[in-house]
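As they're listed, the protein sequences go chains A and B.
Numbering-wise, the first sequence is residues 1 to 313 according to our numbering.
Numbering-wise, the second sequence is residues 1 to 939 according to our numbering.
Worth flagging that the hints you see were computed from the coordinates, not collected in a lab.
One or more of the hints may lead you astray.
Cut-off 25 Å, straight-line C-alpha distance, at most; resulting in silico cross-link-like pairs (SDA-like, lysine to any residue) [stated by the list, open to error]: (1) Lys630(B) / Gly215(A); (2) Lys631(B) / Leu224(A); (3) Lys631(B) / Lys199(A); (4) Lys631(B) / Lys222(A); (5) Lys6(A) / Ala335(B); (6) Lys631(B) / Val73(A); (7) Lys868(B) / Gln206(A); (8) Lys292(A) / Gly266(A); (9) Lys204(A) / Glu228(A); (10) Lys222(A) / Ser871(B); (11) Lys928(B) / Asn83(A); (12) Lys292(A) / Lys272(A); (13) Lys221(A) / Lys933(B); (14) Lys6(A) / Leu264(A); (15) Lys222(A) / Lys928(B); (16) Lys292(A) / Lys868(B); (17) Lys933(B) / Pro112(A).
Simulated coverage check for chain A against chain B, where a stretch passes if three residues somewhere in it have a Cβ under 8 Å from a Cβ of chain B [what the hints assert, rightly or not]: (18) 119-132; (19) 193-203.
Computed far set for chain B versus chain A, every beta-carbon distance over 12 Å [claimed, not checked]: (20) Ser402; (21) Ser920; (22) Ser922.
Glycine included, every Cβ here is placed at the ideal spot set by N, Cα and C.
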Amino acid sequence: MTLQSKPIPALYTVYILRSTVRHSSLYIGSTPNPPRRLSQHNGLVKGGAARTSRGSLRPWEMVGLVSGFPSAVAALKFEWALNNPHLTLHIPTESRISVSTQRKRSGHPRRPRHSLISILSNVHLLLRVPSFERWPLTLHFFAPDVFAAWQKHDTKTDGRLRPSLKVVTDFSDKDSVEGAQTEAPGGIHALPLDYEPIKEFVTKGQEVFDSERQGDCVVCKKTLPTGEGLQAICTNTGCEAVGHLSCWSQHMLGGHHTDDVLPLNGICPRCKGEVHWSEMMRELTLRTRGQKEVEKLLKVKKRRATKAKTQKE
Amino acid sequence: MFSSSPAAMGRDDSPLVISSSPEFPSLCDLVPKRQKQSPLRSGSNAAPIPAEAPRAFTSAAQKEEEEDRIGRDDPIDDANAPVTIELSPDPAPRTKSSRSRAKKAQESRPRKEACQVPTRNLEDSLPDALDDAPPLATSEDAAAPKKRGRKPADPATAQTTLPKGKVTKPGAKVQATRKKRSETVSRHFAKKGSESKDTSKPATKHVDDEPIGLEPAMKRRLDWTPIKNSTTVAVISDSSMLQDTSALTDSPAWSAGSPKQDIFKKLHDTFGRKSDDDSANTSGGSDVLGKRKHIQMFVTSAPPPVPSEPAPQPLEKSPPKKAPKKKPRTITELATAAYRPEELIPKNQGSLLGFVAVVNDKGEETQLAEGSKTKAPKKSTKATTSKKKAEPQKQILLSPASALRQVSRQDFVFGTSSQLAKEDDPDLLRALHEAMKVSNQADSDPFASSSPIRSEFVVRRKTESQLWAAGARDEDGELLSLEVLDLTGSSPITQDLGLSQKFLASSPPLPSQSCAPSPKQSAAEADDLDDEVPNLLGLTDSPPLANPATSFLSAQRAIAASPRPAENHLSEWDDYMPPSNQEHHELLMSQAKPPPPIPKPQPPPRPRYELYTDAQLTRDVAKYGFKPVKKRTAMIALVDQCWASRNQPGLSTQLAMSTSTKVHVASKSTATGSPRGRPRKNSLEAAWGSQGPDPLTTDYNSLKIPELKKLLQERGLKVSGNKPDLLARLQEHDKGQEPPAPTKSPRSRSRKDGAKSPVKSPKKAKSPSPKRATSPWRASTPRRRNSLIEIQDSDMDLDSDLESRISSPASRSSSRGSRCKFRSRSPMDLSMTENEEADISLIADPTTQQISLFGFITKAVTSAPPAKDPSDPSWYEKMLMYDPIIIEDLTEWLNSGELGRVGFDDGEVDVGDVKKWCESKSVCCLWKVTNNKRERKRF
């Protein structure tokens, strides 16, 4: 592939922005850094969207977002689909909710106006659509009323989300972020913007492969030559089970051959702990493609080692 | 400033100068007035004073001090202070002086400058006068000389310092001699280059300058303006396909060229009032700036009107102040030039009207001869009036049509992608087209003339879906007429189909159905017909509206009244009909009436799909080659669209393969017993689903038959008799008839070729059966939309076309995908509004074949050996790592033998299928090309 590949981003989100002044004003965007983006929307930092530039609607708040996109492209695709639920081909016609009733001057169908219900219902729909169903996404809600609306819609809708899809709520006040330290930030400020959460995991991987302790494939039991092929390591702390990427995927998809290509999660054959495929891939891509990020992470780790430890403790 | 003023003089020519000459005294008057104003200003400006005030208030002391400092400066300041102010504002130095000097000076100076501009000129010519004037000003300023003296003194000192040091800014602040120099320099610059400033300066300046004798500059300016105008005019004339008489007249006037002065004189004459007004304004008005602006406006206005002078737009010229607006007009004119002539030129309309009138007369005559109804003539008159109204629209349409004709002259091969794909040699298609053109050229003229009329019908009557058909017509200039023919012929086709079925005796009930509904429904379903075929509608519904072809009306009336019942009896008349048809054709050809007869063919009765049972609908859907649709409304919409698309544009396609194909068709037709033969465009689709409709269409493809039928319809039963004649007879008639109506035939043939070729070998072609099966219906949906419009270069990769079409709209990026596709799609989208949902739904559900294909793809992807280089992972590893997958690359990889390795032996995978596979597997996929048509370099 001629394209330069990047490691899976630490965070990439598609968020729902709502005006705190007028709740009917909504905006959908995507960003790898929600706090920064929110400050942009609120005019605190340069670069906000024109649609959110009206002073009378500020400040804005992120009432919910979808995180876990494995690439910027994926996030942008999802964002576009969510912004254009009347057009996107990811939604089959039978289940399409938003239908355009007007047309632009250009003849293209006009986007139906967003409402909280329409957005939530389309999020619900898109998370069930084949195109996005198996993406390692997580749904976050930061406003109780929005989450209530979501729950109401979820119960009312026929379609069921994939059980492994996580829905997280964090209604803590954002102001808490301004506390003396970054500890206990709430809302979007609690989202990890870097690889800090998997720092330990990354460190383990670095150590294992630097010392060539990978051993045999945990699945196929064949020897894993150093530096050859893609070798993934168990995400669970203390488990150094390493295996071929394809072996892991086969194992996680289940021995029986399903039509699925992408695993979601599974059990490590060695430690019997649950393994999330996206997490494993995040480490793998970081190790194979993101040495810069790894170095940065490790440096940061040295500086913040004490802080991180204190946080965990 | 100065430089600009002479330039302006040059432009204005003698008349303006003359007008300005009386202004001289006024200007002189203005100068002292302004000097008076300046002290007032200085006095009023209290704030600026304090800055320099401490020095200034003791005027005598300051002067002494200044004298002590610099001997020269003091006298200069005293005497020349006002002069310096005036002179210093020379064009270039203004800003500098204003910046350097005190705010007061700035305020006073610009005003002075503006007012004193004429004085400057005077000064230039007579420096002595300048010297004299300034002392006067100083004397006048005696009350507040200090302020001024100080303010000017500062610049004066600066000036003095400047020459001494010679380091600081030279030009702006120089003594009187240098000032003069700078002025001269500025003039030169102005003469040569400064055009922009010219407008800003009034005619009064010109008056002053004239004595100086800057004539060469004058000429240049003159040259400039006319050149611009001439260029614009020429462009307009070029751009417009139909050159305006006005433009032509203009161009010669310009070409006369040397008499540019004459032109200007004319302009002045026309605008003489204006010039007078200007002079009056300048003399009377105290605000020079405002006057100047007005003057400028006039000056600028003068040149633009010149082009317009000739004939067409005197009104526009008259308003002098519209000049700035006219400039934009020139831009718009270029764009709209092609359209203007049509509207403006009465001659063309007259010609068209005359032609139409002839047609109408003939139509009336025909009606009378037919002895149809007394009402007919009345209607014809109404039709004529309506036609006249409609004509401008026709002309509008014609211009693009002509452009389209040019496009058609290019080597485009028309046909659906599948057709093109199947016929590997574009040469064959081209050869066919050429042959068609050759045969058609002789007869093409009458049809071409008729085409506009029909286009008008289309435009009027087609409001919604029919606009699409109109657009389709526009694509090929030739096609326009053919399409009309198609519309007319469409009705006979359906009937013919029914007849053919009877002939085949494959299914007796089917023919009965087809035939029976037509007579019954003809009246009742008029509405449906309207929707389907605008022409038909126009004919049937509103005879008065039907503009050109009164004959159409009469024919349709006749059809409505008698012919349809006669249809049932068609079989009886078969023997008689053929000869009669030929005779009619000959008559038509000789009379050049062909256009009216063409539309006559009996409007195809549109089946009321709403009344169909679900089973029937599903059957029809399958007939068109679509996958079964769940929703009844979607099915109805789909079938309706298919039917409409076939009947409207598709007719033309039938002719192409006429002989050989017809035989095949006949054989095929026996096999397929589809009661409704709406096969045309959808032939591709039909080919996928069932080939039955295609043969039927081919039989009737010879649209000439409809013409014959129209003629026959005039006679009534005979037309119906033709229909019962089965394919063979129709073909025979067609063969005999083909020569008369060659123009339409080529188009129809080309389409037929495209349509049939896919039909012949839809599955044989590249793709494996499952792939094709999946792709075909996908492809069909866009094709339906495009049906007529699709035009592809023979050079284009047929495969790529198919792929791109098959792929979802997002597939624009597909590298191979021709841009033509995208272009065609946009119009398609517009037209497709109604059935989009159905189409999408069709696209959404993978077929069984697709599922099996997906299985193979999955297997091929997952079973590929893992890469040994971590930096170059296999496709599956990329997917596992959530890498965005480039669809084209993956497709290429799959087609490079990987699918065969897995056991997939149906050929190659389509890009669209790969995309669907990726999306069905939650694999993030991308097109290789971004929306900007650039290759993606990073994710």
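Self-check item: Verdict on chain B covering the region 119-132 of chain A, criterion of 3 CB contacts below 8 Å
Solution: Since 3 is at least three, the answer is holds.
Exercise. Check whether three or more residues of the region 193-203 of chain A sit with their beta carbon closer than 8 Å to a beta carbon of chain B.
Key: Our answer is that it is violated, as 0 residues pass the Cβ test (under 8 Å) against chain B, missing three.
Quiz item: Hey, Lys631(B) versus Val73(A), does the alpha-carbon distance stay inside 25 Å?
Solution: The hint is violated at about 34 Å.
Quiz item: Closest CB-CB distance from Ser920(B) to chain A, is it above 12 Å?
Solution: Contrary to the label, Ser920(B) does not stay out of reach of chain A, its closest Cβ about 5 Å off (not over 12 Å).
Practice problem: Given the hint that Lys630(B) pairs with Gly215(A), test it: the Cα-Cα distance must not exceed 25 Å. | Solution: 55 Å, violated
Practice problem: For the pair we were handed, Lys928(B) and Asn83(A), check the Cα-Cα distance against 25 Å. | Solution: 23 Å, holds
Quiz item: Has the given pair, Lys631(B) with Lys199(A), been kept, meaning a C-alpha gap of at most 25 Å?
Solution: The given pair, whose Cα atoms are some 53 Å apart, is violated under the 25 Å limit.
Practice problem: Please work out if Lys292(A) and Gly266(A) have their alpha carbons no farther apart than 25 Å. | Solution: Distance ~29 Å between Lys292(A) and Gly266(A) Cα, so the pair is violated.
Quiz item: Holds or violated: Lys221(A) with Lys933(B), Cα cutoff 25 Å?
Solution: 47 Å, violated
Quiz item: Lys868(B) and Gln206(A): Cα distance at most 25 Å?
Solution: 19 Å, holds
Practice problem: Take the C-alpha atoms of Lys204(A) and Glu228(A), compute the straight-line distance between them, and say whether it is at most 25 Å. | Solution: 19 Å, holds
Quiz item: Within 25 Å, alpha carbon to alpha carbon, are Lys292(A) and Lys868(B)?
Solution: 22 Å, holds
Going down the numbered hints, you'll see the structure goes against 1, 2, 3, 4, 5, 6, 8, 12, 13, 15, 17, 19, 21 and 22, while the others check out.
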